[in-house]
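A.B. asks: Sequence:
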Amino acid sequence: MKETIIVSFSGGETSGNMCKWLLDNYGHLYYFVFVFANTGREHEETLIFVDKCDREFGLQLVWIEAVTSPIKGMGTKHKIVNFKTACRDGSVFEDFIKKEGIPNTSRQHCTTRLKTRPIRHWMKQEGLVWCKTAIGMRSDEPNRIISSKKRELLEFLSLNPHIWRLQNRSDRNEQLDELGCGYHGMTKDQIKTFKSLYNHNEYDCIYPMNDWEELDKQDVNTFWESQGFRLNLPSHLGNCTTCFKKSDNKLYRIAHESPEYFRWNLEMDEKYSGVNAGKNDRHVFFRKKRDTKALVGDAMQQDLTRLIFMTTSDRDKSAGCSESCNGFSDEDE
-7 MKETIIVSFS GGETSGNMCK WLLDNYGHLY YFVFVFANTG REHEETLIFV DKCDREFGLQ
53 LVWIEAVTSP IKGMGTKHKI VNFKTACRDG SVFEDFIKKE GIPNTSRQHC TTRLKTRPIR
113 HWMKQEGLVW CKTAIGMRSD EPNRIISSKK RELLEFLSLN PHIWRLQNRS DRNEQLDELG
173 CGYHGMTKDQ IKTFKSLYNH NEYDCIYPMN DWEELDKQDV NTFWESQGFR LNLPSHLGNC
233 TTCFKKSDNK LYRIAHESPE YFRWNLEMDE KYSGVNAGKN DRHVFFRKKR DTKALVGDAM
293 QQDLTRLIFM TTSDRDKSAG CSESCNGFSD EDE
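Residues in the sequence shown are numbered from -7 upward in steps of one, following the working numbering.
Any given hint could turn out to be false.
Said to hold, decoys possible - The following label-pair restraints were derived from C-beta to C-beta distances:
1) D290 / V267: 23 to 29 Å
2) D196 / D132: 19 to 25 Å
3) P62 / N160: 35 to 41 Å
Stated by the list, open to error - 16 Å max Cα-Cα, derived EDC-like pairs, lysine to aspartate or glutamate:
4) K263 / E92
5) K263 / D16
6) K263 / D273
It is worth saying that the hints were derived from the structure and are not from the lab.
No residue lacks a Cβ here, since even glycine has one placed at the ideal position from N, Cα and C.
Between the sequences and the hints, there should be enough to build the whole structure, so can you do that?
C.D. replies: This is the structure in structure tokens:
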């Protein structure tokens, strides 16, 4: 009997490549179940691409959306949708904000609440909670598999991060127990990171494009060049269109070219900035404690030609939002 593996399709080209590659190369060994979690803020071209991959590759994809209860203490559930019924108006995301407040780089709960938890809820309902979850992270994305803070600490403890990561959880934690006694002169920040190592990979994720075969960005591009279609979307519009993790240059460019994408953020600012905020305080989406109006105002002070150059070259190194947003990643916040 084949082992069942859940494959989390993020909606990006790397993830789409992984889905086809797994079927072609490992379909005789494993039974793959493909799942996509829609947040309601993805670009329409992302949804079109996901649907195309599903039909062209024969994924039999399960489309999922989060169901956020307004009742405190009630966990996130899921509902099944499809390409036609998938949320496109941001209401799924708004339900999360209504309860948790506006997310930002200091409060990065949205991916967990809108992707990881609904997928896990679906897995439990289907009796698949013990299955491994395959994630599309390439060999040239090491900090998405294990964050740089964890990597540096493991090296400080004379542990090989790659070998440590591939061990089972009990063996990993046994090593930590031996090495962590007295914290060996660690800084306060290192101690915090050390404690987080005990929960590393709590969802039993696997990274086939890193561990089964080393595939990088060039391999992904080569694959899509051989296909009759690909994601018809510039990188700065990927994932949630106005994601706060995106670099200022990307957000400024969007504000110039597609200001309508920020209308939703403006509405969220107006309605929910005080949710779960302290007295006389409010939460805002963007870096430097800027609300949407401030960010768009800053954008208008920038030259569009320069922004286009910066976002289409390798000069924009500050982008914290990768080409695919996956709820199971370990990348640095």
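A.B. asks: Run every hint past the structure and note whether it holds.
C.D. replies: Status of the hints after comparison with the structure:
Distance hint check: the CB atoms of D290 and V267 are about 24 Å apart, consistent with the given range 23 to 29 Å. Take D196 and D132: their Cβ atoms lie about 23 Å apart, and the range 19 to 25 Å holds. Range check, P62 to N160: Cβ separation about 39 Å, and the 35 to 41 Å hint holds. A distance of roughly 13 Å separates the Cα atoms of K263 and E92; the hinted pair therefore holds under the 16 Å criterion.
Straight-line distance between C-alpha atoms of K263 and D16 comes to about 48 Å, which puts the hinted pair past the 16 Å bound. A hinted pair counts as satisfied when its Cα atoms are at most 16 Å apart, and K263 with D273 qualifies at roughly 14 Å.
Hint 5 alone, counting from the list given before, is not met by this structure.
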